[in-house]
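J.: Now for the letters of each chain:
There are 4 protein chains.
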Amino acid sequence: MKFWFKNDYSFGAHPKVLDAVVAANMEGNWGYGDDKYTARAKDVIREKCGCPDAMVEFLIGGTQTNVVACSFLLKPWEAAICPHSGHLNGHEVGAFEATGHKILPVEVGADGKITPELIAPLLEVHKDVHLTKPGLVYISNATENGDVYTKAELTRLYAFCRENDLLLFADGARLGCALTSDSNDLTLPEFAKLVDAFYIGGTKNGTMFGEALVITRPELTKDFFRMKKRMGAVMEKGWIQGAMFLALMEDDLYFKMGRHANEMAARLQKGLVDMGWKLWVESPTNQLFFVIPNELKAKLDEICEYEDWCMYDETHTVIRFVTCFNTTEADVDGLLAALR
Amino acid sequence: MKFWFKNDYSFGAHPKVLDAVVAANMEGNWGYGDDKYTARAKDVIREKCGCPDAMVEFLIGGTQTNVVACSFLLKPWEAAICPHSGHLNGHEVGAFEATGHKILPVEVGADGKITPELIAPLLEVHKDVHLTKPGLVYISNATENGDVYTKAELTRLYAFCRENDLLLFADGARLGCALTSDSNDLTLPEFAKLVDAFYIGGTKNGTMFGEALVITRPELTKDFFRMKKRMGAVMEKGWIQGAMFLALMEDDLYFKMGRHANEMAARLQKGLVDMGWKLWVESPTNQLFFVIPNELKAKLDEICEYEDWCMYDETHTVIRFVTCFNTTEADVDGLLAALR
Amino acid sequence: MKFWFKNDYSFGAHPKVLDAVVAANMEGNWGYGDDKYTARAKDVIREKCGCPDAMVEFLIGGTQTNVVACSFLLKPWEAAICPHSGHLNGHEVGAFEATGHKILPVEVGADGKITPELIAPLLEVHKDVHLTKPGLVYISNATENGDVYTKAELTRLYAFCRENDLLLFADGARLGCALTSDSNDLTLPEFAKLVDAFYIGGTKNGTMFGEALVITRPELTKDFFRMKKRMGAVMEKGWIQGAMFLALMEDDLYFKMGRHANEMAARLQKGLVDMGWKLWVESPTNQLFFVIPNELKAKLDEICEYEDWCMYDETHTVIRFVTCFNTTEADVDGLLAALR
Amino acid sequence: MKFWFKNDYSFGAHPKVLDAVVAANMEGNWGYGDDKYTARAKDVIREKCGCPDAMVEFLIGGTQTNVVACSFLLKPWEAAICPHSGHLNGHEVGAFEATGHKILPVEVGADGKITPELIAPLLEVHKDVHLTKPGLVYISNATENGDVYTKAELTRLYAFCRENDLLLFADGARLGCALTSDSNDLTLPEFAKLVDAFYIGGTKNGTMFGEALVITRPELTKDFFRMKKRMGAVMEKGWIQGAMFLALMEDDLYFKMGRHANEMAARLQKGLVDMGWKLWVESPTNQLFFVIPNELKAKLDEICEYEDWCMYDETHTVIRFVTCFNTTEADVDGLLAALR
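One line per chain: the protein sequences are A, B, C and D, in this order. Note that the working numbering gives residue 205 to position 44 of the first sequence, counting from 1, and the numbers run on in steps of one. Note that the working numbering gives residue 492 to position 331 of the second sequence, counting from 1, and the numbers run on in steps of one. Note that the working numbering gives residue 375 to position 214 of the third sequence, counting from 1, and the numbers run on in steps of one. Note that the working numbering gives residue 206 to position 45 of the fourth sequence, counting from 1, and the numbers run on in steps of one.
Okay, chain A solo, but in the shape it has when bound (with noise of 0.2 angstroms):
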């Protein structure tokens, strides 16, 4: 087998939750998430958030996690602030619209991070009663393009929306990445305490599918169980994802897979660096973007699986390279043996 780089969805779950769902598959357990391990999950993970209040939902998926909570927390006329390269906006073929909610994109840099200086303008023009409300605004940690919130960036962002009326949401798909980056200097509980509503991404690390969504303030969840059943959300058994994140969640599983791929990809990365590739971005977590030589593309394909990302000019491509929690340092000494 060629080695693997493409991306963090292409293995299963984490032999632990792997082990957990075995385990629990002829107990018989009531559906619908009413069951021990869903009972259990939620307050470990509302334990480790540190906070109680919170309201913790099981969802199946990245773009269904996102549409279900951005659309239950806005009211039909309000819009979510996206940046123009955030999932909600360019990689989900309008599902957010579906709803019947605009999206107004923000240009942001590189590192695709938002600041109260991009939303300010727009919020100025959208004071016309004849334009659509900004109420939210949607954020990625990691962004899409592997950067991460510092602790100082989030809460001057955090501040700018409470004050502003606006929510802040967190699409958290490689959050396991971002808190454990050598960027990143939030705490789990700090960053439940400097968002409105985020999830923790377990697709993209370690389960076979599912996304726990947190709403860390009570006063927002009133009937959201009904809104999820309401948007096909609910699955008959529920207890899967239960035991999937209570696994997750013990020894911190979660943290020490993001942590472990964030590392292979600091291995990676310097590697390729040393080689004198160069890097599209910085990013410190489990997504490396290189530019490389058209020419180049052809040999890569025989030797690994990775994703073309851009064009970046006329011969030159931006690739992407992902690691995640069962790449080895065999995997990327390989890739870089091969690639010498």
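These are computed hints drawn from the structure, not numbers from a lab. Only a predicted model underlies this, so the values are computations on that prediction, with no experimental measurement involved. All residues carry an ideal CB built from backbone N, CA and C; glycine is no exception. Check before you lean on any hint, since a few could be wrong.
Unchecked claim - Pulled from the structure, derived: some chain A residues nowhere near chain C, Cβ distances all over 10 angstroms: (1) Val290; (2) Tyr319; (3) Glu351; (4) Lys390.
To be verified - With a straight-line Cα cutoff of 30 angstroms, these simulated DSSO-like cross-link-like pairs (lysine-lysine) come out: (5) D/Lys288 x D/Lys354; (6) B/Lys163 x B/Lys209; (7) A/Lys460 x B/Lys197; (8) A/Lys236 x C/Lys288; (9) D/Lys163 x D/Lys431; (10) B/Lys383 x D/Lys431; (11) B/Lys197 x A/Lys177; (12) C/Lys197 x A/Lys288; (13) C/Lys460 x C/Lys439; (14) D/Lys288 x B/Lys383; (15) B/Lys209 x B/Lys177; (16) D/Lys197 x C/Lys167; (17) D/Lys354 x C/Lys458.
Fit chains B, C and D to the given chain A structure using the hints.
T.: For chains B, C and D alone, kept in the frame of chain A given last:
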């Protein structure tokens, strides 16, 4: 543990299905259904349905499948005709209306079946362009109350639909039990030819989750994947669905499980009727409905898991027992013994 | 010309209303309702309703007003309870469902009126979070069949709604006739206090178009204008609506027209009943429903415009006569003479 | 009164149009557009457009027409390509997204015009089925900034759309000025052949309200009336729309008004440019955009009604003057005199 007859989604996957998931867990597969399992499972399903040109797509749960499929098949101004008791109408928190479509409910009998005679008056009224346009008929097989459509019934209904420019969609959450019922005279290929679209329900018959949607007429399938993604219904690790459905289809495991559940239900029904219990409706599949005096409920609660279905009268309740692939003769006989 | 009893929207504006439009035509007014007529008309309506804090907004037609108002007042997962025969359910081509909401129809009697007793069982069932949440009760006054709510009935219904966390919305397409009916014992301020929102229907009582939506509780009105604009319901030349409603309110023209239409209807009803015609329902307002033998229809078609309402039995039809502000005694007596 | 150059929707109907409404007011006409005026107006418009098979339907305002038409023409998963500055994107409070569709904005130049070159890269990216499918191109003629499409430009654009399976929709809010502009070389029939659908805007050119939607390809029009009704866009007293459009079409009143407005704008533009005023963009139609020093605004406010368009820089603002059918030479010369 109490005897478990509550529903058919309280146990996980059949062991062979689970094995298939475990075996593929660390292989490395492309995401979003672009993998060898999914490709093979689609081929096998098309073959078993005798529809070489059908579209097969995997979705996650029943509500999602109903909603994505029906809203895909209809124009925005078209409505779905649905039995009043149909899942789409009564049990999905307005998930279908959330896509902008009206449901035109039709009162049906205790068998839950829809007929041309029940639809015709509604079509007459809705010729008026100031009313919504009926575009699709939603049925379930087995129905909500456990009955099945005969070949003659479905042939008449489908002919009527084609004549009246209505699509026919069948919710197959319990298709495995329907097509193996003693009352059934339809093969899978015959069934597939008598509807425009249907799904093979995995969740209630042997998978952890997952339904296989089949649209039998290729001219109706254009761009389905984009619609599926827009509805948040594409799994990143789609090979899990593929692997489960491949295992289901092998050696006809899917229909063997359905037949087994029916046999266990028949055994339980015979035992209870012999004891003098009163049936609410006749069901030839894996759901049984009995009218019991309210004072029996406390005792029943101690012995087994079952479901309170609805009030029958001041002093009686309708309850439901459900069997599934892992119900054993010992379970049935044990429950009967405990109730004697 | 034939005698015209077809409906109450076949003639344009009352001459005084038309004069007001003509007078303002070339003045130059700011657009989007930001003009002196609209401001004054809102004030006058608030005053006449005895609701100094109410929100008043002008919309264009009945379906639009029902849909914009009810979808504004509900959360996305909430449903509207509606008489089976209610306009929102039966006559709007799914316009309300198009905003993503389910309707929970309630079978009502021939008077078209909804009561706490009819709603209570539905609330009981819908406590289940796997079902949609009832959020609002839609009534019309006068009802589809021409009857009106008494003070006692509306007081009970509204109290029941408040206790059960349901909003009460009244479709007032024919409010002018309702509140001037002999069966009515409600003043406009009393009526306004017994609902959360309603509209004063202009289209069927003296304007070219236009309905005045009143939301009586200010805490429910935030951001309404944005919702209205999002629904394509803001007129550029909004002063036309303002000028028409100012004219309607002056000297109680609106209610004078309603009373006149009722008087003409009563005269016609008495005449027909005296001739032995059979009433289908008793209506104290401007719509009359009679059961006629089918063979009478050809003759009736020659004499007058009326509406075929529904089939009564194999040999009889229900027909509707409607009077309006410009129906004269001569029209009524002429029709009666022609029918003798 | 101040000189009025604020916009083209601050005066009511042209006297001949108003007369037509007044004349029909008490005639008695069937509702919902089923009347002789509407029938004739549709015929006349089809004839003037040279499209005997086109569908013509009357709607009420611009936002409504854009939204109803574009959502009717698209499948749910398809998006509309729209100039960033287009009305559909920027000025409709998410009304289009409220129907579930994404907008793909394209950055255009100061002329507001879209070209194949601007669309092509977007089509390339959106071949990916994980992204929304572009289904329609929205343009306006005249554009938001007052420019018009030439025959060569529109011919190229439409050919490109047809090749790429995109529909072309033209917002004709200001079509009267566009097709009578000195920069225009398109006749109405030529224009109609180079788009799939467009509307003849009444509100901004001589009616009280009302737009005539023309879908030129009959195969695209099935069931439009039901969609229109579902969107709350059917007027009960539809003959008013018919009568107004008949009056507009008689003796080419519509285009005479457009040409007049253009001439008044040209006179004003020449006068101001001669006085040294700085144009922001060149506009050959009835909207003029000038860059003025901020300190001029107070004086301008005293003299005339105009519109603040956007900030130009710290010390300058872009303002808009608009002429319409009732702008006189005296108005223009009076404003110029006052500004000297």
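J.: May I ask you to check that A/Tyr319 keeps its beta-carbon over 10 angstroms from the closest beta-carbon of chain C?
T.: Non-interface label on A/Tyr319 holds, nearest chain C Cβ at 23 angstroms vs cutoff 10 angstroms.
J.: Below or equal to 30 angstroms on CA atoms is what counts here, so check D/Lys288 against D/Lys354.
T.: Within the cut-off at roughly 28 angstroms; holds.
J.: Tell me if the straight-line CA distance from C/Lys197 to A/Lys288 falls inside 30 angstroms.
T.: holds, 23 angstroms
J.: Within a Cα-Cα threshold of 30 angstroms, do D/Lys163 and D/Lys431 meet the stated pairing?
T.: holds, 21 angstroms
J.: For the pair we were handed, B/Lys163 and B/Lys209, check the Cα-Cα distance against 30 angstroms.
T.: violated, 38 angstroms
J.: Beyond 10 angstroms from every chain C Cβ: check whether that's true for A/Val290.
T.: At roughly 5 angstroms from the nearest Cβ of chain C, A/Val290 sits no farther out than 10 angstroms, so the non-interface label is violated.
J.: Can the restraint linking D/Lys288 and B/Lys383 be considered satisfied, given a maximum Cα separation of 30 angstroms?
T.: Between D/Lys288 and B/Lys383 the Cα gap is close to 14 angstroms, so the pair holds against 30 angstroms.
J.: Hey, D/Lys197 versus C/Lys167, does the alpha-carbon distance stay inside 30 angstroms?
T.: holds, 17 angstroms
J.: Compute the least Cβ-Cβ separation between A/Glu351 and chain C, then decide whether it is above 10 angstroms.
T.: holds, 31 angstroms
J.: Find the nearest Cβ of chain C to the Cβ of A/Lys390 and say whether that gap is larger than 10 angstroms.
T.: violated, 6 angstroms
J.: Does D/Lys431 sit within 30 angstroms of B/Lys383, going by the straight-line distance between their CA atoms?
T.: Cα-Cα ~55 angstroms, so violated.
J.: What's the verdict on A/Lys460 and B/Lys197, does the C-alpha distance respect the 30 angstroms limit or exceed it?
T.: holds, 24 angstroms
In this structure, the earlier hints numbered 1, 4, 6, 10, 17 are contradicted, and the remaining ones agree with it.
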